[in-house]
Amino acid sequence: MSSPEPERSAKAASYLRIEGVGKRFAPGAAAAVDGVSLDIAAGEFFALLGPSGCGKTTLLRLLAGFETPDAGRILIDGVDMAGVPPYRRPVNMMFQSYALFPHMTAAENVGFGLRQDGLPKAEIAARVAAMLDLVKLGPLARRKPHQLSGGERQRVALARALAQEPKLVLLDEPLAALDRKLREETRFELVRIQQRVGVTFLMVTHDQEEAMSMASRIAVMSDGRIVQLGTPQQIYEEPASRFVADFIGAVNLFAGRVAGAAAGFLQVDSAEAGTTLVVEHAPLPAGSEVAIAVRPEKITLAPASTAPNRLVGRVRGAAYRGEASTYEVELAGGKLLRVTLPNTGRRTEGYATGQGVMLAFAPAAAVVLPP
Amino acid sequence: MSAALRRRAVLALPYAWLVLFFLVPFLISLKISVAESVIGIPPYSALIDTAGGSWGLDLSGESYRRLFTDDLYAVAYLNAIKFAAVSTVFCLLLGYPLAYGIVRAPRRFRSLLLLLVILPFWTSFLIRVYAWIGLLKENGLINNVLLTLGLIHQPLILLNNAFAVYVGIVYSYLPFMVLPLYAQLEKLDPALLEAAADLGCRPWRAFLRVTLPLSMPGIAAGALLVFIPAVGEFVIPSLLGGPDTLMIGKVLWDEFFANHDWPMASAVAVAMLVLLLLPMGLIRRLLQGETA
Numbered sequence: 001m002s003s004p005e006p007e008r009s010a011k012a013a014s015y016l017r018i019e020g021v022g023k024r025f026a027p028g029a030a031a032a033v034d035g036v037s038l039d040i041a042a043g044e045f046f047a048l049l050g051p052s053g054c055g056k057t058t059l060l061r062l063l064a065g066f067e068t069p070d071a072g073r074i075l076i077d078g079v080d081m082a083g084v085p086p087y088r089r090p091v092n093m094m095f096q097s098y099a100l101f102p103h104m105t106a107a108e109n110v111g112f113g114l115r116q117d118g119l120p121k122a123e124i125a126a127r128v129a130a131m132l133d134l135v136k137l138g139p140l141a142r143r144k145p146h147q148l149s150g151g152e153r154q155r156v157a158l159a160r161a162l163a164q165e166p167k168l169v170l171l172d173e174p175l176a177a178l179d180r181k182l183r184e185e186t187r188f189e190l191v192r193i194q195q196r197v198g199v200t201f202l203m204v205t206h207d208q209e210e211a212m213s214m215a216s217r218i219a220v221m222s223d224g225r226i227v228q229l230g231t232p233q234q235i236y237e238e239p240a241s242r243f244v245a246d247f248i249g250a251v252n253l254f255a256g257r258v259a260g261a262a263a264g265f266l267q268v269d270s271a272e273a274g275t276t277l278v279v280e281h282a283p284l285p286a287g288s289e290v291a292i293a294v295r296p297e298k299i300t301l302a303p304a305s306t307a308p309n310r311l312v313g314r315v316r317g318a319a320y321r322g323e324a325s326t327y328e329v330e331l332a333g334g335k336l337l338r339v340t341l342p343n344t345g346r347r348t349e350g351y352a353t354g355q356g357v358m359l360a361f362a363p364a365a366a367v368v369l370p371p
Numbered sequence: 372m373s374a375a376l377r378r379r380a381v382l383a384l385p386y387a388w389l390v391l392f393f394l395v396p397f398l399i400s401l402k403i404s405v406a407e408s409v410i411g412i413p414p415y416s417a418l419i420d421t422a423g424g425s426w427g428l429d430l431s432g433e434s435y436r437r438l439f440t441d442d443l444y445a446v447a448y449l450n451a452i453k454f455a456a457v458s459t460v461f462c463l464l465l466g467y468p469l470a471y472g473i474v475r476a477p478r479r480f481r482s483l484l485l486l487l488v489i490l491p492f493w494t495s496f497l498i499r500v501y502a503w504i505g506l507l508k509e510n511g512l513i514n515n516v517l518l519t520l521g522l523i524h525q526p527l528i529l530l531n532n533a534f535a536v537y538v539g540i541v542y543s544y545l546p547f548m549v550l551p552l553y554a555q556l557e558k559l560d561p562a563l564l565e566a567a568a569d570l571g572c573r574p575w576r577a578f579l580r581v582t583l584p585l586s587m588p589g590i591a592a593g594a595l596l597v598f599i600p601a602v603g604e605f606v607i608p609s610l611l612g613g614p615d616t617l618m619i620g621k622v623l624w625d626e627f628f629a630n631h632d633w634p635m636a637s638a639v640a641v642a643m644l645v646l647l648l649l650p651m652g653l654i655r656r657l658l659q660g661e662t663a
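Going down the list, the sequences are from chains A and B. Using the working numbering, the letters of the first sequence map in sequence onto residues 1 to 371. Using the working numbering, the letters of the second sequence map in sequence onto residues 372 to 663.
Just chain A, same shape as in the assembly:
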């Protein structure tokens, strides 16, 4: 993995180490978590991303100590967590439902863990006040959860998870319960707080946009396994499989067969595309089955006549989205493509449904995936 800062790579001896962890809820049932290994450095903002049922929440619960792994080890700061109950683990969790204590005020919720630690009253009060300030909830300290809005409750939950100054905070879908606008604002807020406090965040989410905009590294999970690990850009631009390409953002996939290779380029015959596609890739044996993945925004319309990978199609549908428009284009062979074009001018004229169009994409814009 590339570490962006030398300072981080020095500590990168991994604060959290997961070694071959597996969990099965019933004998014979499919594994919820299947041989997952992961190293997370101190101060990272790490995201576990996957569809529901992929095992990401189970993995989080294994780390918090609410579930016991059947296989593998979990080390936090070098200490094996086997047999360590949740109340002795140096981690705090922010629950998806927030799990705020309804009979306590916001301040009492935030101070709950500190009282368990037996800190002096004055210190608890000071720390609670500082935490509530951090999440900008100072004036609402004496409200009970039912007197707070969804966004305010979310911030109480975050302050509570940070109050004991854990090195590692587990966040289970931290933004899922917020409405869209608040969710987008809160993304930046969470990153800001994580950087200010200097704590390690491990977030679970099913929202790829959320994971990409917040996390420094992402592990994509499917069926209990990690299928790809990398920076948001690596995950998006260099997906390792059709599953990742499809789950992260929108993608157009062409099934094809390698026809030849030359000078860093592959020629791929694709019946779906109705032509031979040229893509930048290391040589593969001729005849190999592959899938060519192209993101909708990497396809251009009305290309120059000399452009490679030219395709002929007809617009089947158009969606104006403000900053961009998305078109559904049907190729001659019936294959449907998604194409996204930015609306750079205020009066950019879109393409009408039914209009015939020429499309193209650059050989470097496509990714070659296993079929």
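Be aware that a few hints might be false.
[Claimed, not checked] What follows is a list of derived Cβ distance ranges for each label pair:
#1 A:R73 - B:F496: 26 to 34 angstroms
#2 B:R377 - A:T353: 49 to 57 angstroms
#3 B:R478 - A:A286: 39 to 47 angstroms
#4 A:A176 - B:L512: 58 to 66 angstroms
#5 B:P396 - A:K181: 53 to 61 angstroms
#6 B:F578 - A:D80: 27 to 35 angstroms
#7 B:D560 - A:A271: 36 to 44 angstroms
#8 A:F25 - B:R379: 50 to 58 angstroms
#9 A:D117 - B:D560: 20 to 28 angstroms
[To be verified] Taking lysine to any residue pairs in the SDA-like style, the calculated list, with each CA pair at most 20 angstroms apart, reads:
#10 A:K144 - B:L559
#11 A:K144 - B:P584
#12 A:K335 - A:R196
Honestly, the hints are just simulated from the structure, not real lab data. It should be emphasised that the depicted structure is a prediction, and the values quoted were computed from it without experimental measurement. Where a beta carbon is used, it is the ideal one built from N, C-alpha and C, also for glycine.
Got chain A sorted already, so can you dock chain B onto it with the hints?
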């Protein structure tokens, strides 16, 4: 019809019910309690005296005077409250773990376990209390088993004393404690206990700081459902109790059916109601403070 009017119409039904079946009988009792006991049908004097051609209100404080001067009533009241209060505590101590256990049981067993709690209601209350006589008497099942096992050499006195009354009340009223507690504990989000553990709480402390405070409404409801009928209980002290277990419900019964003193019985009933409103109001205040 406006929404407010419709809401009032919906509320009118329970209010009408309460007026018809609670307030009116209460007023009748109140009326009888200020009459004088006479030999006749009905066995009390009329409230409005029409004798001598002029109308006059004929109020008698005789029953209430006796209520406050005769020790019997005060002792019986206090006894009833003591029996009810202690039984309520025992019901809570038995009922809480029971309700907690049912909530924590695998989902497929829960309705069966709840059914078992309610099952005794399918047999008449009177028969169930009688059955305890068979268990508790000198040559009853419990004494026989203990004697056979050699644990005791003389039969224990288990019947016709305070112990038997406690056993009877706790046994009879336990479901009224378990059901509201179950309803309350079942609502408790398990994530709250995980959150408590995550913040450093051992299971026992998590129970004290999260589960217990959040089950207070259930405890209060259960305590009221046990305490209030237990105060007026007369079947259990009559059948299982002895001379030292005089409870106010038994006194009321005797005034009514043995002495045929309706005004006195009504005065006892009115006083009992007033006395019971006190703890109810108190618990209501406490609960409102909890949620406010």
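Right, here's what the structure says about each hint:
no. : hint                                : verdict
1   : A:R73 - B:F496: 26 to 34 angstroms  : violated, 60 angstroms
2   : B:R377 - A:T353: 49 to 57 angstroms : holds, 50 angstroms
3   : B:R478 - A:A286: 39 to 47 angstroms : violated, 58 angstroms
4   : A:A176 - B:L512: 58 to 66 angstroms : holds, 59 angstroms
5   : B:P396 - A:K181: 53 to 61 angstroms : holds, 59 angstroms
6   : B:F578 - A:D80: 27 to 35 angstroms  : holds, 28 angstroms
7   : B:D560 - A:A271: 36 to 44 angstroms : violated, 54 angstroms
8   : A:F25 - B:R379: 50 to 58 angstroms  : holds, 52 angstroms
9   : A:D117 - B:D560: 20 to 28 angstroms : holds, 24 angstroms
10  : A:K144 - B:L559                     : holds, 17 angstroms
11  : A:K144 - B:P584                     : holds, 15 angstroms
12  : A:K335 - A:R196                     : violated, 49 angstroms
Against the hints set out earlier in the document, violations occur for numbers 1, 3, 7, 12.
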